[in-house]
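Chemist: Residues per chain, in single letters:
There are 2 protein chains.
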Amino acid sequence: MTVAVHVGPEPVPALIDAVRRAGGDVVPLERAEAIVYYGSDDPAELRAMLHDRIRWVQLPHAGVERWADAGVFTAADPGSAPGSAGPVFTAAAGSYGAPVAEHALALMLAAARGLHRLARATEWGPNRSRELAGSTVAIVGCGGIGRALIRMLEPFGCTIVAVTDSGAAPGATTVLPRARYRDALPEADYVVIAAPATPETRGMFGAKELGLMRTDAWLVNVARGGLVVTGDLVEALRAGRIGGAALDVTDPEPLPAGHPLWQMDNVLITPHSANPRPAYWRGLAERVTANVRRFEEGAPLEGVISSTQGF
Amino acid sequence: MTVAVHVGPEPVPALIDAVRRAGGDVVPLERAEAIVYYGSDDPAELRAMLHDRIRWVQLPHAGVERWADAGVFTAADPGSAPGSAGPVFTAAAGSYGAPVAEHALALMLAAARGLHRLARATEWGPNRSRELAGSTVAIVGCGGIGRALIRMLEPFGCTIVAVTDSGAAPGATTVLPRARYRDALPEADYVVIAAPATPETRGMFGAKELGLMRTDAWLVNVARGGLVVTGDLVEALRAGRIGGAALDVTDPEPLPAGHPLWQMDNVLITPHSANPRPAYWRGLAERVTANVRRFEEGAPLEGVISSTQGF
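From first to last, the protein sequence lines are chains B and H.
1 is the number of the first residue of the first sequence in the UniProt record's numbering; add one for each residue after it.
1 is the number of the first residue of the second sequence in the UniProt record's numbering; add one for each residue after it.
Extracted from the complex, chain B is given alone in its bound form:
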């Protein structure tokens, strides 16, 4: 069965190719039964595109909290018939595991080797390097990113505490359910946040959790800024309650110029660049092709968003 897919509102050539590679028809919106969405990311834009015959929407990011917060996954479209189940939504979650894990490893190694500090130096100094090897790493939210990170850490003989409700984290030393994530903090040299942004994860790292960490431990966030209470983080860094923070995501984001985090010696900020643009397009195109094939075959789609969990 061929599926009629609209790619839009931006007609991105790489995504049109990805649909066609799977044998899908690329059609105008009014004739579509599926949407590969790429646009402003304003939930209202997508909502206005949904019509009764749309059975599936592919979103272009791993994190979909902006659509979840706007109720796109739960509220029936105002124009839909009573009792309509609405379309299935899929995210790109899982397709960016390896590139984002690579960034997390880069940040951990930079922290261990003091690269944040040395990059700013203008003269020679003492050897204050630490080894990543042998460290204890807590991975909070251990999905596709976390699993890829565990593979990358294998040569370093780290003790790895994976926090996930899926129960599956091959290679982890210990697996904890999310409700017990605080138990992973006191022993960790590195706390890597890789959990989805949902109402339940918002602010899961505040003063209390930062206070449980070691004073030489680094917080590494490659998930979403809102999982960390920024004011509490600034306070913990100022007071020396943790060793440092490497943040690919911030709250607010972009982090405004002049924010105290920009000034701190033990902070390294990257501008939501954990997923390099070429890896982003490759991962998204692969996900689109795989899901068009699965839709045609009636197979379960990859990255289906739970309307109750929001990821």
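Among the clues, some could well be false.
As the list claims (entries may be wrong) - A few chain B residues facing chain H, derived, Cβ under 10 Å:
(1) R117
(2) N127
(3) L132
(4) G144
(5) A148
If you're looking for bench data, these hints aren't it; they were derived computationally from the structure.
Cβ atoms here follow ideal geometry from the backbone N, Cα and C, with glycine treated the same way.
Start from chain B and add chain H according to the hints.
Modeler: Frame of chain B; chain H shown alone:
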């Protein structure tokens, strides 16, 4: 057979323990048949310690070019009898492979992810990240460091060109003899220098070799500063003939304040800190214990320095 070892001129407790752990006797210099040297690293200091009954000297570093250049390994001690073979010298080479390889990986990932640039930023910017995964990595001088680096690169699916005359580089895509190292340069995204400093390797990266590299490739030096012609490197960086340089070692070293390399956007300098101090002491103590045992058993020592090759 128990070996009588002098630890000095600095009586370092960790090294005394390492000798005793292997069953060796720690004795004053005049009664010693072996020296575990730790001191100023001035070759004259060691030369003054050598006497007729010294059969083995353990040096405290992986690179031993300062003693080689001073002729310590080749010239007979002025006081020794004619025809005396002189002691066997061993280096710590190979005992620091993993920690130094970890530093090389940290530098490569920093280059890929732009951490040298982002650490200096004081405001948000665009995503200019690259992936390390899938890159081509040339490892010039593939001994203990290079072999450890190949293991660490395994999850990244890199094409690895190992330059070594040993012929053994498990996991490398291609192995080239040192005489052909220039052939590895045109394809490499990262050129990692991990060769010993000898008269043959001095200046092996000058204008010609830098000119063979890609304009987006990074030079990563975790070996010795003298393997790179600093003036040529500065010129190549200024002219955009290579992408950047991550240098743990420099020539001169320490790199003086005000040197042009400190000012460059695409340069990351670490202060000869590839081997963290705890790893240094652990590796050296392990090497001392292993070699005292081997000496007692009449087995071949680890890290024997060739008087002709100087490493």
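Chemist: Work down the list of hints and note, for each, if the structure agrees.
Modeler: Do the hints match the structure? See the list:
The beta carbon of R117/B is positioned within 10 Å of a beta carbon in chain H (closest approach about 8 Å), and the interface hint is therefore held. Because the smallest distance between the Cβ of N127/B and any Cβ of chain H comes to about 4 Å, under 10 Å, the interface hint for this residue holds. Look at L132/B: its Cβ gets to within about 6 Å of chain H, closer than 10 Å, so that hint holds up. With 10 Å as the threshold, the beta carbon of G144/B stays out of range of chain H, its nearest partner Cβ sitting at about 14 Å, so the hint is violated.
Taking 10 Å as the C-beta cut-off, the interface hint given for A148/B holds, the closest approach to chain H being about 8 Å.
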